[in-house]
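As you go down the protein sequences, you meet chains A and B in turn.
For what it's worth, the working numbering labels the leading residue of the first sequence as 256, then goes sequentially.
For what it's worth, the working numbering labels the leading residue of the second sequence as 256, then goes sequentially.
Take the hints with a grain of salt, since some may be wrong.
Copies of the same chain look alike in the list, so a pair counts if it fits in one copy or across any two.
Stated by the list, open to error - DSBU-like cross-link-like pairs, simulated, lysine-lysine; straight-line CA separation at most 35 Å:
1) Lys293 x Lys597
2) Lys279 x Lys596
3) Lys599 x Lys279
4) Lys293 x Lys596
5) Lys581 x Lys596
6) Lys278 x Lys376
7) Lys581 x Lys342
8) Lys599 x Lys342
9) Lys488 x Lys440
10) Lys496 x Lys671
11) Lys508 x Lys279
12) Lys597 x Lys634
13) Lys585 x Lys596
14) Lys508 x Lys278
15) Lys581 x Lys293
16) Lys585 x Lys376
17) Lys278 x Lys599
18) Lys376 x Lys293
19) Lys581 x Lys376
20) Lys278 x Lys585
21) Lys508 x Lys599
22) Lys342 x Lys293
23) Lys293 x Lys599
24) Lys634 x Lys496
25) Lys293 x Lys585
26) Lys293 x Lys508
27) Lys634 x Lys671
28) Lys376 x Lys508
29) Lys581 x Lys599
For the record, the hints were derived by calculation from the structure and aren't laboratory data.
2 protein chains.
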Amino acid sequence: MQQVNLGMIGGGTVGSGVFHAWKKNGALMAARLGVAIKFRKIAVKAFDEPRPYPISRELMTTDWQEVVNDPAIHLVIELVGGCGIAKTMVLAALAQGKTVVTANKALLSAHGPELFAAAAKSGANLYYEASVCGGIPIIKSLREGFVANQFPAIYGIVNGTCNYILSRMKHEGADFAAVLADAQKQGYAETPPDLDIDGHDAQHKTGILASLAHGFWVDHHEIHTEGIRDVSKLDMEFAAKLGCTIKLLGIVKQVSSGHSPQIQVSVYPALIPSEHVLASVNQVFNAVFVRGDVVGDTLFYGGGAGKDATASAVLSDVADAALDLKNGIKRRVPPFVACAKKGKVVSLDHVASQYYIRFSVVDKPGVLAKIAAIFAAAKIGIASVIQPEGHEGESVPLIFMSHEAPNAAMRKALAKIAKLPAVKARPVMFRVESLQ
Amino acid sequence: MQQVNLGMIGGGTVGSGVFHAWKKNGALMAARLGVAIKFRKIAVKAFDEPRPYPISRELMTTDWQEVVNDPAIHLVIELVGGCGIAKTMVLAALAQGKTVVTANKALLSAHGPELFAAAAKSGANLYYEASVCGGIPIIKSLREGFVANQFPAIYGIVNGTCNYILSRMKHEGADFAAVLADAQKQGYAETPPDLDIDGHDAQHKTGILASLAHGFWVDHHEIHTEGIRDVSKLDMEFAAKLGCTIKLLGIVKQVSSGHSPQIQVSVYPALIPSEHVLASVNQVFNAVFVRGDVVGDTLFYGGGAGKDATASAVLSDVADAALDLKNGIKRRVPPFVACAKKGKVVSLDHVASQYYIRFSVVDKPGVLAKIAAIFAAAKIGIASVIQPEGHEGESVPLIFMSHEAPNAAMRKALAKIAKLPAVKARPVMFRVESLQ
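Input sequences plus hints: build the corresponding full structure.
As structure tokens, this is what we get:
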């Protein structure tokens, strides 16, 4: 049986998870694939750094260049993360003609095209299934399973931390700050939590999905991104009364197709119908709802991160690379095919959405009329208004649900409304995604 | 650009769907894959048979041998269905060394190993993504995305007709017979409906999933199969009160692992927790819940059948085959790898389940005690008993929920209980799958 030799850079949580999974199922993989897969060297920060699973001492080195430069290593797994030294490592491995498997969404998001060019130049391949929704084979499915489809819409719950917080807020009627603090204590959220809860992590992943689905590399600066800090217990309750659940979504919608496709790419918390299968994705689980023009509506659900789910994805990439090496080919499915070079991300200002808006207003007659007049002048149709009972004090909530209107129009109308003396706080606005 | 020439046998609903999807997205596929895909010949029953999408007249022939024998055709798509002439066609194409793409679950289920051997002999490949859950890339995911996993459990909603009927029964509080009749009128169920509602179609698909997951070909005769005829409106109601939903499941559970893995492979209607994401899969949608020992819990959801979802799957297989032909290889991922030759399907008698049992009994003191005594003698633990109020007449319902017990013990106990004079009808039993 032929043998593929692996090198790995990163021997912490995820790295030891990959090594553990390979120890458990490596022989099974070889039987399934007809090619043996062996670890040859693993570069770690320190031999004794804390890790959930042990790594064989004789494989370890603290010098990553030993991994990249070992001529017997065919394939390098990069699990260092971030855009600093990890970029140097990946480029060094690619320059040697070694295929690279990475879970590094930040690196791909910031430097995708540069990495793909480096891989093409040396004839190596670059795999990144683990970079988006760890355990879910969404990259492979978009690229291979749905290769005969265009993608009118993709909605992803791609950040486990945010989904954990929003799920608990909904089910416990708890406040954002309290749940975040507890999530940090339990290890479900980082300190500081910004990368997750401000939507940056979701932005990286959504950009990768958008790029693969639409055939041009999406610059992450063009992705309108809002996090979940503004979601309150109150909004969760009102959303529930409206039959909706609030989820942080990565959204990729086809605005126009053809040779110069235009797409919306955004990350924001949105109200979705509670009876939709996407609304039942709770806790740290991830899910991606993919609408294909041929296949129809589909959903992929699974663990989005963590050492084991990520290990499963990393090893699936290793398997694909191993099959290619076995067959003497290297780029059967290249890392990225730019087949729509004229594709464009549309500014959210030009995209029409439906909206949920919550105002805090003084409880006096005439306030609703004034707000409604500003919406009318902006040509924003109102679907319903709720003035919930049982709220007392200086200000009371007033909720509007709108029809579809351009985001620019809504932004301007809200700025005007915010200046009304009767409006006591910054209006809270979330978009509504019917998923229809 | 290289070109792969397709021949297709079958130009009805699904065949015209494949042709239509190719006309729409064939150029996009070529751009994504770097290889052109062209239809060269399509064998149809009759030029003018009714079909939802048109097929170009100049491609059509009524002689399937023209497709198989055309030396310019690299790949044959078989969409005839069934185990008769379709088998001859597939074997003829494979014998010519042509790769075959099929959606024919019945043929695979009955003759898988014979087809795989024929493919191996001529060095051709055989693809069948469309045979299980049309639009869901579950074959590719099990084989490639989850290649680093063992599979402790797989639960599939794999028959759209049954799921449609059960969903409507639940949501409308309607009876089986009425919903079936309406489903037939609307084209969601065939006449006669036996292949679907007696579980045979689910059996074919479940056997294919079990075989791929566990590395030995499962003989469909060994799959314990029950359909949904016994599910009544009453059971739906009681299940709901117990927090459960009744779904027809294809079940594959690892009983023991290693070189001689033992697995349970069954098809039966089961109670599952209503809050589980699998319970929210409604209408004709399919879903497969896959538990991997590395990846954890995942779920795939999508359209299970129909011309378009099936076309998406057929064309994904065509794309895989085209990439291999482009690279000069033919069996990069062979149709089946028998890596666990000593695998065995365990008789359901030896499998332990939890049970929901509904008796129709005369409303007299002492009946419950008699039934409980028989369960006790069979060492079947009772988790709860419900005697619902508001039922009058000759007989009243009495519901037991049991702890885990072997199926043989339950079968024998029920046979004894059925003979009690106070028990007025055949006991109704469904298994409970906690999905934990």
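Outcome of the hint check:
1. Lys293 x Lys597: between (42 Å within a copy, 26 Å between copies)
2. Lys279 x Lys596: Cα proximity of Lys279 and Lys596: across copies only (20 Å, versus 43 Å in one copy).
3. Lys599 x Lys279: between (45 Å within a copy, 22 Å between copies)
4. Lys293 x Lys596: Result: close only across copies, 24 Å inter versus 39 Å intra.
5. Lys581 x Lys596: both (33 Å within a copy, 24 Å between copies)
6. Lys278 x Lys376: The answer is both: 34 Å in one copy and 34 Å across copies each meet 35 Å.
7. Lys581 x Lys342: both (27 Å within a copy, 32 Å between copies)
8. Lys599 x Lys342: within (26 Å within a copy, 48 Å between copies)
9. Lys488 x Lys440: within (20 Å within a copy, 47 Å between copies)
10. Lys496 x Lys671: within (28 Å within a copy, 51 Å between copies)
11. Lys508 x Lys279: Cα proximity of Lys508 and Lys279: across copies only (19 Å, versus 40 Å in one copy).
12. Lys597 x Lys634: within (32 Å within a copy, 70 Å between copies)
13. Lys585 x Lys596: For Lys585 and Lys596, both the intra-copy (24 Å) and inter-copy (31 Å) Cα distances are at most 35 Å.
14. Lys508 x Lys278: Close across copies (23 Å), not inside one copy (41 Å); limit 35 Å.
15. Lys581 x Lys293: Both. Shortest intra-copy (14 Å) and inter-copy (29 Å) distances satisfy the 35 Å Cα cut-off.
16. Lys585 x Lys376: both (12 Å within a copy, 27 Å between copies)
17. Lys278 x Lys599: Between copies only: 25 Å across, 45 Å inside.
18. Lys376 x Lys293: both (27 Å within a copy, 31 Å between copies)
19. Lys581 x Lys376: both (21 Å within a copy, 20 Å between copies)
20. Lys278 x Lys585: This pair counts as both: shortest intra-copy Cα distance 25 Å, inter-copy 30 Å.
21. Lys508 x Lys599: within (12 Å within a copy, 47 Å between copies)
22. Lys342 x Lys293: The answer is within: 25 Å in one copy meets 35 Å, while 41 Å across copies does not.
23. Lys293 x Lys599: Close across copies (30 Å), not inside one copy (43 Å); limit 35 Å.
24. Lys634 x Lys496: Answer is within: at 26 Å inside a copy they meet the 35 Å cutoff, but 48 Å across does not.
25. Lys293 x Lys585: So Lys293 and Lys585 pass the 35 Å test inside a copy (18 Å) and across (26 Å) alike.
26. Lys293 x Lys508: between (42 Å within a copy, 29 Å between copies)
27. Lys634 x Lys671: within (14 Å within a copy, 73 Å between copies)
28. Lys376 x Lys508: This pair counts as within: shortest intra-copy Cα distance 32 Å, inter-copy 46 Å.
29. Lys581 x Lys599: Answer is between: at 31 Å across copies they meet the 35 Å cutoff, but 38 Å inside does not.
No hint from the list above goes unmet by this structure.
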